[in-house]
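When you get a sec, could you build the whole thing from the sequences and use the hints?
Protein chains in written order, with the working numbering: chain A, 1 to 185; chain B, 1001 to 1188.
One or more of the hints may lead you astray.
What follows is a list of derived Cβ distance ranges for each label pair [as the list claims (entries may be wrong)]:
{"no.": "1", "chain 1": "A", "residue 1": "GLY19", "chain 2": "B", "residue 2": "GLU1003", "range": "55 to 65 Å"}
{"no.": "2", "chain 1": "A", "residue 1": "ALA22", "chain 2": "B", "residue 2": "ARG1180", "range": "48 to 58 Å"}
{"no.": "3", "chain 1": "B", "residue 1": "ASP1163", "chain 2": "A", "residue 2": "GLN180", "range": "36 to 46 Å"}
{"no.": "4", "chain 1": "A", "residue 1": "ASP163", "chain 2": "B", "residue 2": "ASP1163", "range": "33 to 43 Å"}
{"no.": "5", "chain 1": "B", "residue 1": "GLN1154", "chain 2": "A", "residue 2": "GLU152", "range": "21 to 31 Å"}
{"no.": "6", "chain 1": "A", "residue 1": "LEU23", "chain 2": "B", "residue 2": "ARG1127", "range": "40 to 50 Å"}
{"no.": "7", "chain 1": "A", "residue 1": "ARG26", "chain 2": "B", "residue 2": "GLY1075", "range": "26 to 36 Å"}
{"no.": "8", "chain 1": "A", "residue 1": "ALA55", "chain 2": "B", "residue 2": "GLY1075", "range": "42 to 52 Å"}
{"no.": "9", "chain 1": "A", "residue 1": "ASP163", "chain 2": "B", "residue 2": "ARG1180", "range": "28 to 38 Å"}
{"no.": "10", "chain 1": "A", "residue 1": "GLU17", "chain 2": "B", "residue 2": "PRO1004", "range": "55 to 65 Å"}
{"no.": "11", "chain 1": "A", "residue 1": "LEU170", "chain 2": "B", "residue 2": "PHE1128", "range": "23 to 33 Å"}
{"no.": "12", "chain 1": "A", "residue 1": "GLU17", "chain 2": "B", "residue 2": "LYS1072", "range": "34 to 44 Å"}
No wet-lab data here; the hints were simulated from the structure. Beta carbons are placed, not taken as given, at the ideal position from N, Cα and C, and that holds for glycine.
Single-letter residue listing:
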Amino acid sequence: MADIIAETGRLVLRTIEDGDAALQNRLLNTPAVMARLGGVKELHEIEARHARARALYAQEGFSFLFMVEKASGQMVGHCGLKRVDNPLAKNPGDFEIGWLVREDRWRMGYAEEAVRAVLDWAFTRHDAPHVVALTSQPNVASWRLMEKLGMERRPDLDFDDPDWPEDDRLTILYSLSRAQWEAAR
Amino acid sequence: MAEPVQIETGRLVLRDWRGDADWDEFFRVTNTPAVMEWLGGVLDYEGQARTRGRVESCHANNGFCFWAVERKADGALLGFCGLKRADAPGCSVPGAMEVGWRLREDAWGQGYAKEAAIAALDAAFARFGAEEVVAFTVDGNTMSWGLMIALGMQRRADLDYRDERFEPPWRDHIVYAIDRARWEARRG
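Here it is, written out as structure tokens:
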């Protein structure tokens, strides 16, 4: 049984449960959604991510979550927290926020609505001193939301990840401190 | 009479248009709310005729145009991609070589637009003598300018302009550009 982490105007954010990997694979793992996120994943890769996320949730009380659209009850995206765990990153262990939204629910403001709730969760429940987000220059929609949220570009934390497709392998970082978050509210 | 164009990439062919059947298929697959969201919205019959007319007159005048993009594997028409001379009312760089694309939604996210745009840019510099190529989009069309960035094009805010034929959010155009030296350096 999933835990409900937050409820926003239009969304419920809940933890991962059994069967979600297949749902994610069908609803979220599509070429347009995954285009700048390393491409479509295999089901077993999604399953492995879920296992890691559930272990993280058991240990630390946070992980990535699913966005459920209240009006339809459907899975419309995911978002959440983890610790920076890319071995090439310069800030391992920092709180990292991430998100994606189902293609037929783009441009509705769901990412912003969900991410604001996740940032609240990070700063109020998990005492994050700061939260970072990772993206690439061509992923314009992603870094524009980071900027809209008041996150600050951190070129000093950028790194090159040769495992990613050519266009997106230069990973760029944004960061939001607790003070910035409180000031923005 | 222009030399026929048939440019092959790994997965695609950019080619001249073959009349009504191509255009009917093009509008069937691309004249949808998602594809047209940032391109002025779904076109009525007159709008479709104007689009076709602009491409055909570009082809007649220049020998290049926004070519039909066909997928080799199954022959499906995915949309168009190619070159024109910038000619929008209010455009800051009239006559500049412009690259553009429009692909059906079910072909997004698979690198087709990039593959086609690279072929079009190669043709611009190698075959049609361009020294610089520009691309236009609007602020909200983040996928489009994400691709411009991925192609190595650089933001030219000094060239932004308004196309008064459109209402916001389609009116205010943002400009990216790449010159021959930068393109050749990137292509190696």
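Results for each hint:
Our hint of 55 to 65 Å for GLY19 of chain A and GLU1003 of chain B holds, since their Cβ atoms are close to 57 Å apart. The given range of 48 to 58 Å is respected by ALA22 of chain A and ARG1180 of chain B, whose C-beta atoms sit roughly 50 Å from each other. Checked against the given bound of 36 to 46 Å, the beta carbons of ASP1163 of chain B and GLN180 of chain A, roughly 37 Å apart, stay inside it. With their beta carbons about 41 Å apart, ASP163 of chain A and ASP1163 of chain B fall inside the hinted range of 33 to 43 Å.
Between GLN1154 of chain B and GLU152 of chain A the C-beta distance comes to about 23 Å, which sits within the given range of 21 to 31 Å. The beta-carbon spacing between LEU23 of chain A and ARG1127 of chain B, approximately 48 Å, falls within the hinted interval of 40 to 50 Å. A hinted range of 26 to 36 Å holds for the C-beta pair ARG26 of chain A and GLY1075 of chain B, which are about 28 Å apart. One distance hint, 42 to 52 Å for the beta-carbon pair ALA55 of chain A and GLY1075 of chain B, holds here, with the actual separation near 47 Å.
At about 32 Å, the CB distance of ASP163 of chain A to ARG1180 of chain B agrees with the hint of 28 to 38 Å. The hinted range of 55 to 65 Å is satisfied by GLU17 of chain A and PRO1004 of chain B, whose Cβ atoms lie roughly 58 Å apart. Judged by the Cβ atoms, the range 23 to 33 Å given for LEU170 of chain A and PHE1128 of chain B holds: they are separated by roughly 31 Å. In this structure, GLU17 of chain A and LYS1072 of chain B meet the distance hint of 34 to 44 Å, their C-beta atoms being roughly 42 Å apart.
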